[in-house]
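**Q** Using the hints provided, position chain Z relative to the given structure of chain X.
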Amino acid sequence: MPIVFVPSWSIVTSRVWKAQIAYFARRHRVVAFDARGNGRSDQPASAAAYAEVEMALDLLAVMDATAVDRAILVSLSLGAHRSLVAADRAPERVAGLVFLGPSMPLGQPVPGRDIDFDAELDSDEGWARYNRHAWLRDYAGFLQFFFEQCFTESHSTKQIEDAVGWGLETNAETLILTDEAPGIDKPTSLAIAAGIHCPTLVIQGDEDAISGPSRGFALAEAIPGAELVVVAGGGHIPNARHPVLVNLLIERFAQSITGDMG
Amino acid sequence: MTTSTVRDVEHHALYDDAGRAVRPERSDLAAAPDGVRLGFDVYGAGDPTLVLMPSAPIIHSRQWKAQVPYLSRRYRVVTYDGRGNGRSDRPTDPTSYHDGRYVADLATVMDATDTERAVLVGLCTDGVWRAIRLAAEQPDRVLGIVAFAVGVPRIAPPQPHYVESGKTFEEVLPTHEGWAKNNRHYWRSDYADFVQFFFSEITSEPHSTKAIEDAVGWALDGSVDAMLADSEASFPFDLGAVEAICRSVRCPMLLVHGSEDTCQSPARAHRLAELTGAPLVIVEGADHMIPGRHPVLANLLIRDFVESLGGRGR
Chain X
1 MPIVFVPSWS IVTSRVWKAQ IAYFARRHRV VAFDARGNGR SDQPASAAAY
51 AEVEMALDLL AVMDATAVDR AILVSLSLGA HRSLVAADRA PERVAGLVFL
101 GPSMPLGQPV PGRDIDFDAE LDSDEGWARY NRHAWLRDYA GFLQFFFEQC
151 FTESHSTKQI EDAVGWGLET NAETLILTDE APGIDKPTSL AIAAGIHCPT
201 LVIQGDEDAI SGPSRGFALA EAIPGAELVV VAGGGHIPNA RHPVLVNLLI
251 ERFAQSITGD MG
Chain Z
1001 MTTSTVRDVE HHALYDDAGR AVRPERSDLA AAPDGVRLGF DVYGAGDPTL
1051 VLMPSAPIIH SRQWKAQVPY LSRRYRVVTY DGRGNGRSDR PTDPTSYHDG
1101 RYVADLATVM DATDTERAVL VGLCTDGVWR AIRLAAEQPD RVLGIVAFAV
1151 GVPRIAPPQP HYVESGKTFE EVLPTHEGWA KNNRHYWRSD YADFVQFFFS
1201 EITSEPHSTK AIEDAVGWAL DGSVDAMLAD SEASFPFDLG AVEAICRSVR
1251 CPMLLVHGSE DTCQSPARAH RLAELTGAPL VIVEGADHMI PGRHPVLANL
1301 LIRDFVESLG GRGR
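One line per chain: the protein sequences are X and Z, in this order.
Just so you know, the first sequence maps onto residues 1 to 262 in our numbering.
Just so you know, the second sequence maps onto residues 1001 to 1314 in our numbering.
Hints are computed from structural coordinates only; laboratory data are not their basis.
A few of these clues could be false.
Stated by the list, open to error - Between beta-carbon pairs, the in silico distance windows are:
1. Z:K1167 with X:S123: 46 to 56 Å
2. X:G141 with Z:D1028: 48 to 58 Å
3. Z:T1002 with X:P109: 50 to 60 Å
4. Z:D1225 with X:D114: 48 to 58 Å
5. X:H155 with Z:D1225: 22 to 32 Å
6. Z:I1282 with X:I21: 27 to 37 Å
To be verified - Here are a few chain X residues that sit away from chain Z, every Cβ distance over 10 Å (derived from the structure):
7. D118
8. G195
9. E221
10. H242
No residue lacks a Cβ here, since even glycine has one placed at the ideal position from N, Cα and C.
Bound-form chain Z, shown alone:
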């Protein structure tokens, strides 16, 4: 009798060396205009390049773990950690998290990876809104946008629990039940409990324990100071300006939103579809974290979108 012991995924020789289905061709740091260093990875060598944008600073580039292996077999895939998490620097002043800094980070990573133009794939405000801004400001660099959980500020009201907890974010509260955890002092006292609550709320489909555990882990890789600094950064556009930017986008877009999205109201997706004329896919029963929780669907939607672009502009 021969005996061996294996542990699923972790360091098993049948898999890749660290339990990942694919390893990056290149990993490095790139410096943004304000000096903040950003950790990035490049996978595969196909065409076009897809930039999978971070939802920073709450989580980092591993949020795309279910997309990278599939997409990098067909396309060149770039991921990066947003400022404030992962391998990237974690400044603690709110000005470092100004909206424009995030857009400049995207351009910085595209430059550092010799990516003249790319399809941008984003989730929530951090991914979707900054992709839209780059497409509006530097249209030659954006072939198309796949927007999951359309987090465009202002164009429809935020979820009521954000409005409510936002009112008392700075206060010392007598309770930390439910969305009262979304509070500066509670973040400081028990950030782990906040992120556990937060990702459980916004990943409410059955059978999400792994997706929640992953997201909590990525959040705990980050920094409460960065999160607080980001929360203090003011948003520089009013509704009219946001709508004008959205209307000015000329590249193809695909909007994908869960019917049960607890983080970004589906009304925002409907409104962005009106503003841009982009097709909107509503995923019935899905909450916020569609790429992590419904990876096959997300991957096929991304693939079909990229294929629909044909050779345009490549």
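So that you can see chain X by itself, here it is in the shape it has in the complex:
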């Protein structure tokens, strides 16, 4: 069964799946690609180009280009939007959905993140860095802060360094466009989730300091029959920080769909 690793926010590239690709490619056809806005993909100069619907159409376009009729979609964080929209538009192409730390407008946001993105703030402390002006002032500083929040586990210096490097493959201007782009609102998310009928696995760290664990819990609740696995002590990017655990969970899920070793 092919597995498509769905791009996350354009702050990273498809290398965010580096700890998955080698393992799964031994058993499955694996497709990974860079979201528009980073890596080898184009960086269009309008916010509309980064709309979640465009991102979902990219996903289907890459499946077409790689002749993947039907696959398990594995997404991380913001990638949940793309997976859900693609599964809604083309359910026949989706054999299963795996969400890691899904960043959907469900559940409760992380406290302290309600920073005005557009305001001129007189601080670069904490989440005040999540701000258009702060990004333009000190993009690398924002990346360092952001990925330190992504990896709250101890022994994450390598994962943080990797992710900051991927972030530096794009720039503040592009990332601002992705933030301005239209996403999927809560009613739409709930409506799409309720209509999902394929097997679904949500893997959610209970110490996720980016989306907050309740977003993952809420998505698992909204999708009929979904399985929720809570990673105790886990942060926002469990596939990078807990690759063996996450790979084994995804492989078990894939086997439950195909009924064999893939």
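**A** Leaving out everything else, chain Z in the frame of chain X:
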């Protein structure tokens, strides 16, 4: 919706029962000639047998945690806790830590595991020098030696921080900054801080927090009394005797040393290579704890070395 909670590695059913990638076939205690009991483990059933030697008494056999699962799929692997740490006894008199006792411990564990001959893999003085001694004294028992962080005493000067802190090891010092922590009284007052400092210094590559935390944990499994007794044991050979022992080794050897080794100067590795003719791999940018910090590289070097022996003597 079904919900379950997992914690990475620890007691997860997807892994082995205690978070280890492989469990020993056999775990037991063996008594050394002086009665000290040594905890050992045997993994796998391949050929030849590899003995992964302890860096005792500061840490114990878990120092090889990144080697055992890989190597035991191909070979029979024996590990043991050196005297003074782990499951082994912890005598507190310096005579128990005499150089020859460590060599006898290696032979004891080989006997107890029915290991007639083996490839010896060691790190630093505790592993490397005692492997060389066994190869010199009982050549029939040693198929080959892989020596990480070549800690052979005398053959090149020790690192300057050891020389300096060694001068004041017994004194009550006004400071405990930096290598001044390498001091009898400081070990007694805050051993945990000493080992944290020590393993941070000798594992200086980026992204080493886990390797340091592991080593600190193994050190805290041990005993300050054993460490002090070991530090008081005199080393019985002068430079000429050490060099003669090294020259007498006839089995194949592979030397692996980090270019940035803070514990054992690379000069010792170069000198041992001259004395033995053994090939030396310098790992650029690596510090002292190569098997723990660069496990894939270490494992492949060990594998290639063992394969290069062919069926010789097995």
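**Q** Now look at each hint and say whether the structure bears it out.
**A** Each hint tested on the structure:
1. Z:K1167 with X:S123: 46 to 56 Å: At roughly 51 Å between Cβ atoms, S123 of chain X and K1167 of chain Z fall inside 46 to 56 Å, so the hint holds.
2. X:G141 with Z:D1028: 48 to 58 Å: holds, 55 Å
3. Z:T1002 with X:P109: 50 to 60 Å: Violated, at about 26 Å.
4. Z:D1225 with X:D114: 48 to 58 Å: Because 56 Å falls inside the window, the suggested range holds.
5. X:H155 with Z:D1225: 22 to 32 Å: Hint holds: Cβ distance 31 Å, inside 22 to 32 Å.
6. Z:I1282 with X:I21: 27 to 37 Å: Holds: the Cβ-Cβ distance is about 32 Å, inside 27 to 37 Å.
7. D118: holds, 36 Å
8. G195: Non-interface label on G195 of chain X holds, nearest chain Z Cβ at 16 Å vs cutoff 10 Å.
9. E221: Label violated. Min Cβ-Cβ 6 Å, cutoff 10 Å.
10. H242: Violated: least Cβ distance 4 Å, not greater than 10 Å.
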